[in-house]
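Each chain, letter by letter, is given below.
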Amino acid sequence: MSTKGDVRLLDRVRTERTWWLIAGLLVVGLVYPLIVDTLKSMAVIGDFVPRTDSMVTILIGTMMALGLNMVVGYAGLLDLGYVAFYAAGAYTAGWLASQQFSQVTFHFGSTVSDGLSGIHLSMWLILILAGVFTTIVGILIGLPTLRLRGDYLAIVTLGFGEIVPQFVRNADSIKGFDLTNGTFGIAPIDSLGIGGFVFRAQSNKEDLYYWVAIVLLLLTIFASMRLRDSRLGRAWIAIREDETAAAAMGVPLMRTKTWAYAIGAFIGGVAGAFLASFRAGAFPADFYFNFSIFLLCMVVLGGMGSIWGVLVGGLILGYLNLEGLATIGSKVQEGGLDFDPTKYQFGIYGVIIVLMMLFRPTGLIPERRHKIEAAEGVHDTPFYDVQHEGTLTDRDSSDD
Amino acid sequence: MTAPVDNLLVATQVRKEFGGLVASNDIDFAIPRGSIVALIGPNGAGKTTFFNQITGVYVPTSGSIVFDGVEVVGKPPHAIVELGIGRTFQNIRLFAQMTAIENVQVGMHCRLRGGIFGSILHTPRVKREERESRERARELLTYCGLPRRHEEYAGTLPYGDQRRLEAARALATDPKLLLLDEPTAGMNPQETADFTDFVRRARDDKGLTVLLIEHDMKVVMGVSEYITVLEYGAKIAEGSPSEIQSNERVIEAYLGKGAAA
Chain L
16 MSTKGDVRLL DRVRTERTWW LIAGLLVVGL VYPLIVDTLK SMAVIGDFVP RTDSMVTILI
76 GTMMALGLNM VVGYAGLLDL GYVAFYAAGA YTAGWLASQQ FSQVTFHFGS TVSDGLSGIH
136 LSMWLILILA GVFTTIVGIL IGLPTLRLRG DYLAIVTLGF GEIVPQFVRN ADSIKGFDLT
196 NGTFGIAPID SLGIGGFVFR AQSNKEDLYY WVAIVLLLLT IFASMRLRDS RLGRAWIAIR
256 EDETAAAAMG VPLMRTKTWA YAIGAFIGGV AGAFLASFRA GAFPADFYFN FSIFLLCMVV
316 LGGMGSIWGV LVGGLILGYL NLEGLATIGS KVQEGGLDFD PTKYQFGIYG VIIVLMMLFR
376 PTGLIPERRH KIEAAEGVHD TPFYDVQHEG TLTDRDSSDD
Chain R
280 MTAPVDNLLV ATQVRKEFGG LVASNDIDFA IPRGSIVALI GPNGAGKTTF FNQITGVYVP
340 TSGSIVFDGV EVVGKPPHAI VELGIGRTFQ NIRLFAQMTA IENVQVGMHC RLRGGIFGSI
400 LHTPRVKREE RESRERAREL LTYCGLPRRH EEYAGTLPYG DQRRLEAARA LATDPKLLLL
460 DEPTAGMNPQ ETADFTDFVR RARDDKGLTV LLIEHDMKVV MGVSEYITVL EYGAKIAEGS
520 PSEIQSNERV IEAYLGKGAA A
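Chains as they are written, first to last, in our numbering: chain L, 16 to 415; chain R, 280 to 540.
Same shape as in the complex, but just chain L (with noise of 0.2 Å):
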């Protein structure tokens, strides 16, 4: 007992710590785009360097894996269908920022010229229209799935994963309306803009979606932060642990479940709206099945549940995807041995994903409550005595 002083000591020198490496996590984020260019030409790890475009594209799904993890790692239900929170995120913005709509002209607070044809909104309001849209949506498919259990969930979220990239690649003739524009997808989406400043016109429009970036992941990992220590949050982690006992303390499991699934739902739609307005479209082809695997890819190998583990899993498989398997492979080629990774990208996810199992389950940062081993009636005291504790004598509790 004498050293719990010095172990809540120590725990304020790693608090401390940890909050000076955010801190400097942070200025390096913010500062990022001004620093590209020199950090890129520093000798051997400049190379290495992710260009700003790929960090914006980094940042976002690393936003969809913290949306995800409310879902898989706070409530425990496995979703393998995420990735059509982000579709319906990304074609929210085409139907409202793009000529999709050409029988009408609306526009509301646009950043293009008045007289182009379709729905224009403003993409700021679009980020919001297409969370709660896709909110709605997480709703819809919640309500019938969420009623299963494990493996069962899985395989309809799978299905619903499935469903929804094929509507969107076959809805451009419904009765002769086309919602989707099928397999070519709706573009161009309008850029994110103030008043007159459009994004896209500025030579550095990386670095403005850049930025914007940054601060929909903070808002991520806040909000996340905020909800894992709520009341909410203790529902969720309580129908993790045990979810007969969550509704016997009367937690209610459907709403419950239905609002993990809402807010995974809305920050898919987020991160899904801002990527089609950054990438300037949304294709069908994005929203393949694979993507929900890598983003839980994500979360596994950063660890279920772990705010700070799944931001590290994001970044890292990320940066491997998007340029830092092909940069490898470069490197490797230019050494003389002709070997693509980028042609085996899933299969080195696979054998990551697989090492991590093996030897650190838990996750690159695991959440702190992974990190207690369950150790139920491995100690035996006496029951509802305490109050004249000295007089018991202690048992051994190795005995049983």
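Hints in this document: simulated from the structure, not taken from any laboratory.
Check each hint, because a few of them may be wrong.
Claimed, not checked - Derived pair list, reagent style EDC-like, types lysine to aspartate or glutamate, alpha-carbon separation capped at 20 Å: (1) R:Lys406 to L:Glu258; (2) R:Lys497 to R:Glu531; (3) R:Lys485 to R:Glu350; (4) R:Lys354 to L:Glu258; (5) L:Lys55 to L:Glu258; (6) L:Lys55 to L:Asp222.
Unchecked claim - In silico contact screen, one side only, chain R against chain L (beta carbon under 8 Å); selected entries: (7) Glu350; (8) Val352; (9) Gly363; (10) Arg366; (11) Phe368; (12) Gln376; (13) Ile395; (14) Ser398.
Ideal Cβ positions, reconstructed from N, Cα and C, are used throughout, including at glycine.
Fit chain R to the given chain L structure using the hints.
Chain R only, in chain L's frame:
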């Protein structure tokens, strides 16, 4: 138990069939407000099944269960908790990866109001509610005999403390009726005696009504005011401890020679 004045829970003709097996065979059952009632019977008599119908885990095939004037059959478990029925489990079912305090706070779930936006924005109301719920959780834990180790994970607590924590978590739901499913399983005589004291104390302090399933006859005879005996899903006897002890049917079917003890 002829026409008690004020019943907190009245079960009428409760029947539960699992395929061909009749787990509850038209059970009539009442719990007088403020009493401690024991449900006993041999293994497989349908005690836990009956519990699970009160708490909404199972829906009876037929029959009605009225709690405090409200029909609970068909209600989901969380709604029944909200009405005021709290429970513990036969095999401890804590949230192992949550701290003791968090476990108790989960028990308070339906009594708290913090929503999504309030939680993200940390509105003063949510902050105060969280602070108060933590304080109340500490009080409850201390009341249940766990004055320390509040920040430790439930899974790392010793067995006895886990039992205490489960009691605290059940009390956190603010129940009128507390259901205890074999609470003294795995306890030594001293612990069992302490537990019986605790049940009485909790009943008096918090105005509870208690229904417990128990195999330990010392506990049953010592703590309960009424006893109901089940066998093969059917009620075979009910009455005061002394009545049950001398009941031929019960001695025959269940207690055997041990009844003399």
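Right, here's what the structure says about each hint:
Restraint check for lysine 406 of chain R and glutamate 258 of chain L: not satisfied, since their Cα atoms lie roughly 27 Å apart, outside the 20 Å limit. The suggested pairing of lysine 497 of chain R with glutamate 531 of chain R holds, with an alpha-carbon distance near 19 Å, which does not exceed 20 Å. For the proposed pair lysine 485 of chain R and glutamate 350 of chain R, the alpha carbon gap of about 24 Å is over 20 Å, so the pair is violated. Using a Cα cut-off of 20 Å, the hinted pair lysine 354 of chain R and glutamate 258 of chain L holds, with the two alpha carbons roughly 17 Å apart.
As the CA atoms of lysine 55 of chain L and glutamate 258 of chain L are separated by approximately 50 Å, the hinted pair breaks the 20 Å bound. Proposed proximity of lysine 55 of chain L and aspartate 222 of chain L is supported: the alpha carbons are some 16 Å apart, at most 20 Å. Given hint, glutamate 350 of chain R at the interface with chain L, is violated; its Cβ is 19 Å from that chain's nearest Cβ, farther than 8 Å. At its closest, the beta carbon of valine 352 of chain R sits 16 Å from a beta carbon of chain L; the interface hint therefore is violated under the 8 Å criterion.
Below 8 Å, beta-carbon pairs count as interface contacts, and glycine 363 of chain R has none with chain L, the closest being about 10 Å; its hint is therefore violated. The beta carbon of arginine 366 of chain R is positioned within 8 Å of a beta carbon in chain L (closest approach about 6 Å), and the interface hint is therefore held. Using the Cβ-Cβ criterion of 8 Å, the hint placing phenylalanine 368 of chain R at the interface with chain L is satisfied: the shortest such distance is roughly 7 Å. Satisfaction of the interface hint for glutamine 376 of chain R is found here, the shortest Cβ-Cβ separation to chain L being roughly 4 Å, below the 8 Å cut-off.
For isoleucine 395 of chain R, the suggested interface contact is upheld, since its CB lies about 6 Å from the closest CB of chain L, less than 8 Å. The beta carbon of serine 398 of chain R comes within 3 Å of a beta carbon in chain L, closer than 8 Å, and the hint placing it at the interface holds.
In terms of the numbered hints stated before, the structure departs from hints 1, 3, 5, 7, 8 and 9, listed from lowest to highest.
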